[in-house]
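K.L.:
Take a look at the letters that make up each chain.
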Amino acid sequence: MTVGERFRIWSRRWRLDHLTTHLTLGFFALVTVTPYLWLLSTSLKLRTEVFTPTPKWIPWPINFGNYAEVFDRAPFGIFLVNTVLVVSGILAAQLLTITLAAYVFARRKFRGVDLLFLLFLIQMMIPIHATFLPNFLTLRNLDLLNTRVAMMLPFFASGYGTFLLRQAFKQIPRDLEDAAVIDGCSGLRFLWHVLIPLAKPTLVAFGLISLVSHWNDYLWPLIVTDTPDVRTLTIGLGMFVQQESGADWTLLMAATAFVTAPLLVIFLVFQRKFIESFMFSGLKGSR
Amino acid sequence: MNSMNSSLLSDSTAVAAPPRLSATGQAVAVTWRSRFRGGGVYLYLLPSLAFLALFTYYPMGFSAYLSLFRWNVLNPERIFVGLENYLSLWREPLFWLVLRNNLFYALGTIPTTMALALFLAVLVNKNLGRVRSVYRVALFYPTMVPMVAAAMLWVWIFNPGIGLFNYYTSFLGVPRVEWLYDRHWALPAIIIMSIWKNFGYFMLIYLAALQGVPADLYEAASIEGAGAWRRFWGITFPLLTPASLFVFVVAIISSFQVFDQVFVMTQGGPADQTNVLTFYIYQNAFRFWDIGMGATLTTIFICLLLVLILVVFRYVGRRVYYEAD
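Keeping their order, the protein sequence lines are chains E and C. Sequence positions in the first sequence follow our numbering and run 20 to 306. Sequence positions in the second sequence follow our numbering and run 53 to 377.
Source of the hints: derived by calculation from the structure; they are not laboratory data. Hints may be right or wrong, so weigh each one.
Said to hold, decoys possible - Rough simulated footprint, nothing fancy, chain E against chain C, three-plus residues with beta-carbon under 8 Å: (1) 104-118; (2) 264-277; (3) 341-355.
What the hints assert, rightly or not - Label-pair ranges, simulated between beta-carbon atoms: (4) Tyr220(C) to Glu263(E): 18 to 28 Å; (5) Ala105(C) to Asp245(E): 54 to 64 Å; (6) Leu163(E) to Tyr220(C): 41 to 51 Å.
Idealized CB from N, CA, C, for every residue including glycine.
All chains, please: the whole structure from these sequences, using the hints.
P.N.:
Structure below.
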């Protein structure tokens with residue numbers, strides 16, 4: 020028996036490849052999680068405990084006072100409500116526009132279909148980051164600056180959502196529609212009673228992706244808002260940072276933790292659904 | 053109301069599809085009524101198209117138009133100046149520095165993120181039992197953190213005196229760096245945090261693609277005596293090409309969108325070493341109130357994206373988008 024063969028048998032017995040995989044993944048997982056743990060740790064410390072020559076990981080005594088103080092200094096409760104309103108407003112409008120458009124693109128043949136679909140696809144690649152200045156001027160002309168509606172409007176149409184949903188509708192057999200038409204169920208009623216229930220997984224996936232991305236929006240709300248009563252969590256955090264001018268890390272980390280918490284908690288509870296949805300988003304685009 | 057509806061709808065009955073045949077070969081009865089009802093394609097598209105037109109297509113034309121004017125704090129009345137704005141940008145060193153920074157950011161983030169995402173996806177895809185979901189959550193969660201919050205967190209981590217980053221990298225023999233305050237290290241710092249934030253999402257896309265790779269291919273290769281390395285380059289990597297193209301396109305487009313990190317971490321500094329296109333537009337428009345220059349930059353940005361879109365549709369698009377049809 021050669022040394023190589025012996026090594027192979029030995030490594031199989033001890034499942035060496037398994038061990039290396041776990042060690043490697045464990046290392047990367049730890050490195051990825053470390054920043055967030057450090058955030059939580061800092062947010063629970065006393066102001067004076069931050070300045071240690073070696074990182075002190077366990078805050079003792081645990082100090083929840085930072086969170087209370089954050090709420091005293093800025094209306095984070097209002098920010099949270101605004102975020103929920105904006106995000107759900109965008110999603111509701113998107114579900115309406117993409118369902119109608121995707122239905123037509125999946126099921127109808129008409130003049131100019133390719134060109135129109137191209138207009139939807141191109142929108143996926145022209146982000147608000149490129150068009151925020153002219154859009155700001157448009158909203159100023161519409162006299163909608165500093166409103167929650169202003170934060171939602173540019174996202175009401177979604178090329179990406181239309182694309183995802185069209186793919187889902189296409190997979191639903193045509194015979195089903197023929198049968199439905201014979202039964203007198205066509206157009207909007209067919210869409211509502213047959214297509215939408217069958218495409219639910221896609222709608223859920225798109226919904227979660229839309230939710231996460233607009234929860235995290237920053238640039239656009241930054242530009243169109245002026246006063247705390249309409250601001251969202253992300254903008255509130257940005258303002259808080261400037262207001263506190265970066266001196267008090269325990270307070271800043273408490274605010275940051277609060278801003279990240281709602282989405283992270285929902286994610287941890289429904290992690291399977293979230294991960295499936297985000298995986299699915301790539302699957303549809305990449306195959 | 054009714055008459056308006058039918059007049060709008062009648063337009064599309066002209067192009068409605070001819071009666072289809074059902075599976076059994078019988079013609080499906082299409083009455084005029086059902087034609088009306090099923091026909092109004094443009095009505096279905098109207099809500100989407102209205103918003104697309106107002107917030108995506110009109111802005112493109114509008115900014116191109118505005119870019120031909122001098123319109124700033126000193127000149128509140130628009131003055132037509134032709135291509136003057138473009139010429140002055142051409143002569144502006146900061147403009148080129150900004151483009152260089154964008155390129156540097158793209159080169160710094162895209163290859164690393166893609167390699168890391170692919171590597172970890174291959175590992176997570178192995179038969180790991182129940183801990184697999186722990187790894188997935190731990191590697192993916194940064195996607196759920198708003199970029200502003202992540203940026204804030206990393207300002208703290210990159211703190212020169214008492215930050216975690218300097219502390220732990222010192223064990224690896226890395227010299228102490230001022231990171232966000234150092235003109236050479238500020239952009240790399242932003243790149244490091246962006247990789248941390250983004251690789252998890254791309255890992256999931258690769259993971260989805262990996263699950264579509266048939267297992268018997270690997271068995272056949274193993275029987276032929278191909279090791280793990282050969283199996284990866286011979287089977288996995290080529291089969292993941294569509295996923296890689298998708299990731300690549302998404303990564304390029306999002307690399308142009310970098311703003312939040314810059315805004316929170318450096319405000320473009322020190323000495324404009326982290327100033328990027330989106331932030332530069334923001335500065336011109338909302339700090340200096342130079343709308344003409346902002347519109348010129350916006351137009352340049354959109355042209356860059358349009359070129360990119362052309363390349364994508366020409367060389368990549370059919371594969372990435374239409375294979376599912």
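K.L.:
Please go over all the hints and tell whether each is borne out by the structure.
P.N.:
Hints and how they fare:
1. 104-118: holds (count 11)
2. 264-277: violated (count 1)
3. 341-355: holds (count 6)
4. Tyr220(C) to Glu263(E): 18 to 28 Å: holds (26 Å)
5. Ala105(C) to Asp245(E): 54 to 64 Å: 27 Å Cβ-Cβ, so the 54 to 64 Å window is violated.
6. Leu163(E) to Tyr220(C): 41 to 51 Å: Since the Cβ atoms of Leu163(E) and Tyr220(C) sit about 48 Å apart, the hinted range of 41 to 51 Å holds.
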